[in-house]
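Participant: Residue numbers (this note's numbering), protein chains in the order written: chain A, 10 to 265; chain B, 9 to 404; chain C, 4 to 156.
Rather than coming from a laboratory, the hints here were simulated on the basis of the structure.
Don't be surprised by glycine CBs; every beta carbon is placed ideally from N, CA and C.
One or more of the hints may lead you astray.
Part of the chain A face toward chain C, derived, beta carbon under 7 Å [what the hints assert, rightly or not]:
| no. | residue |
| --- | --- |
| 1 | A77 |
| 2 | N215 |
| 3 | Q234 |
Covered stretches of chain C (in silico footprint by chain B; criterion: 3 or more residues with CB under 8 Å from a CB of chain B, positions within the stretch not fixed) [unchecked claim]:
| no. | stretch |
| --- | --- |
| 4 | 12 to 22 |
| 5 | 31 to 41 |
Simulated crosslink set (DSS-like; lysine-lysine; CA at most 27 Å straight-line) [claimed, not checked]:
| no. | chain 1 | residue 1 | chain 2 | residue 2 |
| --- | --- | --- | --- | --- |
| 6 | C | K128 | A | K128 |
| 7 | B | K387 | B | K171 |
| 8 | A | K246 | B | K285 |
| 9 | C | K9 | B | K171 |
| 10 | A | K64 | C | K106 |
| 11 | A | K120 | C | K128 |
| 12 | C | K38 | A | K167 |
| 13 | B | K144 | B | K387 |
| 14 | C | K106 | A | K76 |
| 15 | A | K120 | C | K154 |
| 16 | A | K64 | C | K128 |
| 17 | C | K128 | A | K130 |
| 18 | A | K64 | C | K79 |
| 19 | C | K9 | B | K131 |
| 20 | A | K167 | B | K196 |
| 21 | B | K144 | C | K11 |
| 22 | A | K64 | A | K246 |
| 23 | B | K131 | C | K11 |
| 24 | B | K171 | C | K11 |
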Amino acid sequence: MTFDRRKFLLDTGKLLVLSASASVAWEAIVAGKPETAPNYTMTDHWWGMAIDVDKCIGCGSCVRACKAENNVPLDPMYFRTWVEQYRVNPDDMDHPTVESPNGGYDGFPFKGAPDSDPKAKHFFVPKLCNHCADSPCTQVCPVGATFISPDGVVLIDKDYCLACRYCVQACPYGCRFIDPRTMTADKCTLCYQRITKGLTTACCENCPTGARRLGDLKNPNDPIQQFLLDHHVVVLKPQMATGAKVYYNDLDGSVR
Amino acid sequence: MGSVLPAVQGFMYPNEVELQWSVLIVLYPYITGLVAGAFILASLERVFNVEAVKPTYRLALLTALAFLIVAPLPLQLHLGHPERSIEMYLTPHTTSAMAMFGFVYLWYLMVVLVLEIWLDFRKDIVLTWRASRGPKRWLYGAMALWYDNISPEALAVDDRVGKAITVIGIPSAFLLHGYVGFIFGSVKANPWWSSPLMPVVFIFSAVVSGIAAVMLLYMLTAWWRERKFDIACVDTMARFLFFAFVIDFSLEMLDLVHRIYEADESFRALDFMVHTKLYVSQIIIQIYVGTVVPLALLGLVQLVRLSPRVRSWIYWIAGSLTLIGIFAMRWNVVIGGQLFSKSFLGYTAYKMEWATREGLLPAILLMLLPFGILYVLVKLLPPWPAKPRKGDATVM
Amino acid sequence: MSDLFKNKVHLVRMAGLFLVGIVAFVILRWWMVPKSFGEYGHYRGAALGEIASLPMHYAGRAACEECHTDIVAQRKGSPHEQIGCETCHGPLLAHAEAGGEPKPALPDSRQLCPRCHSASPYRPKGFPQVVVADHAPEGQCTACHNPHAPKIS
Numbered sequence: 010m011t012f013d014r015r016k017f018l019l020d021t022g023k024l025l026v027l028s029a030s031a032s033v034a035w036e037a038i039v040a041g042k043p044e045t046a047p048n049y050t051m052t053d054h055w056w057g058m059a060i061d062v063d064k065c066i067g068c069g070s071c072v073r074a075c076k077a078e079n080n081v082p083l084d085p086m087y088f089r090t091w092v093e094q095y096r097v098n099p100d101d102m103d104h105p106t107v108e109s110p111n112g113g114y115d116g117f118p119f120k121g122a123p124d125s126d127p128k129a130k131h132f133f134v135p136k137l138c139n140h141c142a143d144s145p146c147t148q149v150c151p152v153g154a155t156f157i158s159p160d161g162v163v164l165i166d167k168d169y170c171l172a173c174r175y176c177v178q179a180c181p182y183g184c185r186f187i188d189p190r191t192m193t194a195d196k197c198t199l200c201y202q203r204i205t206k207g208l209t210t211a212c213c214e215n216c217p218t219g220a221r222r223l224g225d226l227k228n229p230n231d232p233i234q235q236f237l238l239d240h241h242v243v244v245l246k247p248q249m250a251t252g253a254k255v256y257y258n259d260l261d262g263s264v265r
Numbered sequence: 009m010g011s012v013l014p015a016v017q018g019f020m021y022p023n024e025v026e027l028q029w030s031v032l033i034v035l036y037p038y039i040t041g042l043v044a045g046a047f048i049l050a051s052l053e054r055v056f057n058v059e060a061v062k063p064t065y066r067l068a069l070l071t072a073l074a075f076l077i078v079a080p081l082p083l084q085l086h087l088g089h090p091e092r093s094i095e096m097y098l099t100p101h102t103t104s105a106m107a108m109f110g111f112v113y114l115w116y117l118m119v120v121l122v123l124e125i126w127l128d129f130r131k132d133i134v135l136t137w138r139a140s141r142g143p144k145r146w147l148y149g150a151m152a153l154w155y156d157n158i159s160p161e162a163l164a165v166d167d168r169v170g171k172a173i174t175v176i177g178i179p180s181a182f183l184l185h186g187y188v189g190f191i192f193g194s195v196k197a198n199p200w201w202s203s204p205l206m207p208v209v210f211i212f213s214a215v216v217s218g219i220a221a222v223m224l225l226y227m228l229t230a231w232w233r234e235r236k237f238d239i240a241c242v243d244t245m246a247r248f249l250f251f252a253f254v255i256d257f258s259l260e261m262l263d264l265v266h267r268i269y270e271a272d273e274s275f276r277a278l279d280f281m282v283h284t285k286l287y288v289s290q291i292i293i294q295i296y297v298g299t300v301v302p303l304a305l306l307g308l309v310q311l312v313r314l315s316p317r318v319r320s321w322i323y324w325i326a327g328s329l330t331l332i333g334i335f336a337m338r339w340n341v342v343i344g345g346q347l348f349s350k351s352f353l354g355y356t357a358y359k360m361e362w363a364t365r366e367g368l369l370p371a372i373l374l375m376l377l378p379f380g381i382l383y384v385l386v387k388l389l390p391p392w393p394a395k396p397r398k399g400d401a402t403v404m
Numbered sequence: 004m005s006d007l008f009k010n011k012v013h014l015v016r017m018a019g020l021f022l023v024g025i026v027a028f029v030i031l032r033w034w035m036v037p038k039s040f041g042e043y044g045h046y047r048g049a050a051l052g053e054i055a056s057l058p059m060h061y062a063g064r065a066a067c068e069e070c071h072t073d074i075v076a077q078r079k080g081s082p083h084e085q086i087g088c089e090t091c092h093g094p095l096l097a098h099a100e101a102g103g104e105p106k107p108a109l110p111d112s113r114q115l116c117p118r119c120h121s122a123s124p125y126r127p128k129g130f131p132q133v134v135v136a137d138h139a140p141e142g143q144c145t146a147c148h149n150p151h152a153p154k155i156s
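Chain A extracted, bound-state conformation (with noise of 0.2 Å):
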């Protein structure tokens, strides 16, 4: 099974940015009525990812692209996504060592031999909101300022947060931060401008190795369906019970 995202998006035939019907698309969904796009349904999705952590080469694309195509702020701790290395002695294996300059912005670039620390295993972890479907932040939004969309996406309304800050203690995952532009809270979006017309996110159009993949998990014929099916998955902190939808495959224990 391969994950042909070209193909995957020419298949749904809607990406044509400049298409008469993505245009009509986008109207209606200036209208402030997206369901009435003639494209897009929101109860058909359910939204998800799938990262195989054997294929990210920590290059830091997806941070970039995160950032341009989203306008995040690119100051070293605002991130909708980031990368963290990690290195594990195999002498103390909860306790690794983890790195994230910039978030991986600027990838990971290695001072030293290549070979030069047998010891250790090593390798990146890509991180993302998870898309909780029992997200911890959209319970604790005093005023309903955040929450998750009919096909499974956690937003944030920009004009209704009164950033309380609520929502970032409350997310297990430190996916959110406070916008300084904006003083609301900000977090992925799985780039739902992009998705709602039948493209891909930011990131995983930009992974050059295709280790992360936006996944319908309410599409029988979306390869996600086979990825989950033919690999282990684990979501990070599965002890937390919040229904993450961000699956890794091939994930170490060591990562928190």
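Please arrange chains B and C on chain A, whose structure you already have, making use of the hints.
Facilitator: Coordinates of chains B and C only, in the frame set by chain A:
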């Protein structure tokens, strides 16, 4: 803001580097705790007929009101969009502990405190209304709702209704502060907060801080007015303070022992934090200076016969240390809960600013504001028994 | 005055004040809550459309391939075939929408290529990596490698 980055030890998720809840959010549970505690002390006299603390009843109520008026201000100042706080009333999210705030607050302010104070002071209000002229007459008339019936029958009605409100008020006070504890205790993502004991600990620490605050204020106002305070009254308050403190401390130690014994995945990280970044504020200030010392002093008074002069000195010291200790406890909960990474692999730092919106200066001003409000309230509604003495009627 | 309210007029007046407050709150709530609030759940329904209509910056490779058929042909069968065009060339929706203008700058291969291919023990084994200083101390990577079909046979 980037200046925090070098203070990071180990690994934080990138978005965790900045602390979200500042010193203002430390003030908030501290202030609501004082409100709840002061009210519960006042209720003792009214509901349980503890005659000895009667001299503090009205002062405790006014103190609770003064602090309650200030309680939402640190929250308001801290919001990224204060102008949107009305949404908490318009579209409260029923699954959010925080959304309860507006309603519990309004309930407590209007239905419990304002009504109880109004009913208790109505006779004084009407008498002042009758005796004054000009704007002051209008003001007290309005406060009396232009109804000057203070016949024994009318006052008996007031007393009955007031007592009923106090009975409602006690669970309300528990609710007011218990839910503040729940706001923290229900965050499952944060092992430093997540504990069913949190609301209970908050309630008892609130009682402790409230009694200590009213005790100090009572002694302070007596000294201010150059009167002798009723040492029997302060003795009783100190005894209540001691018992409440014993319960509070036991609960906190139970929480601590439980954490150490269970030693779950977060233990190593939290243990390290308590012995480094929180050592001064938690071990030294909260536990030793703010709990063990005042407990020992108050216990001493229970066991040994001391002269009133020595006792009052002990009350001054123990009360002040208690208030410092409870503040440190709020600090350690709020700030401590944000210093470690939810990956349990690193720590960040809290750099308190000075004259910014969430800095130390506004925090100090907000802490002084209730005393200003209390001053005005005491001028408007003198809580001490009116003595037939010249000058007492001219309260303005 | 009826006997019922005897000595209780102040309480009735206070209750009236509370009633006025509650009515004012209900009116305020009716007036201020956004009309689409509650359409799908406890949030402003219109927010969905607003978020969905936020501007995009990446066109997606399918848009690129509509015009750049020569590159599609070059990439066919190469190890770089599956890589998104904008991964190296940057976000180019504006370019695609304007039919080719503005022309994007060519990426600096000395900076770009090592992000994936500089040797590191953290990268998966078997992924092509070089110690850049040994492999090519200077010059553009593109001097030897065609980035669209990098294998030198």
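Participant: Mind listing which of the numbered hints don't hold for this structure, in increasing order?
Facilitator: 3 and 10
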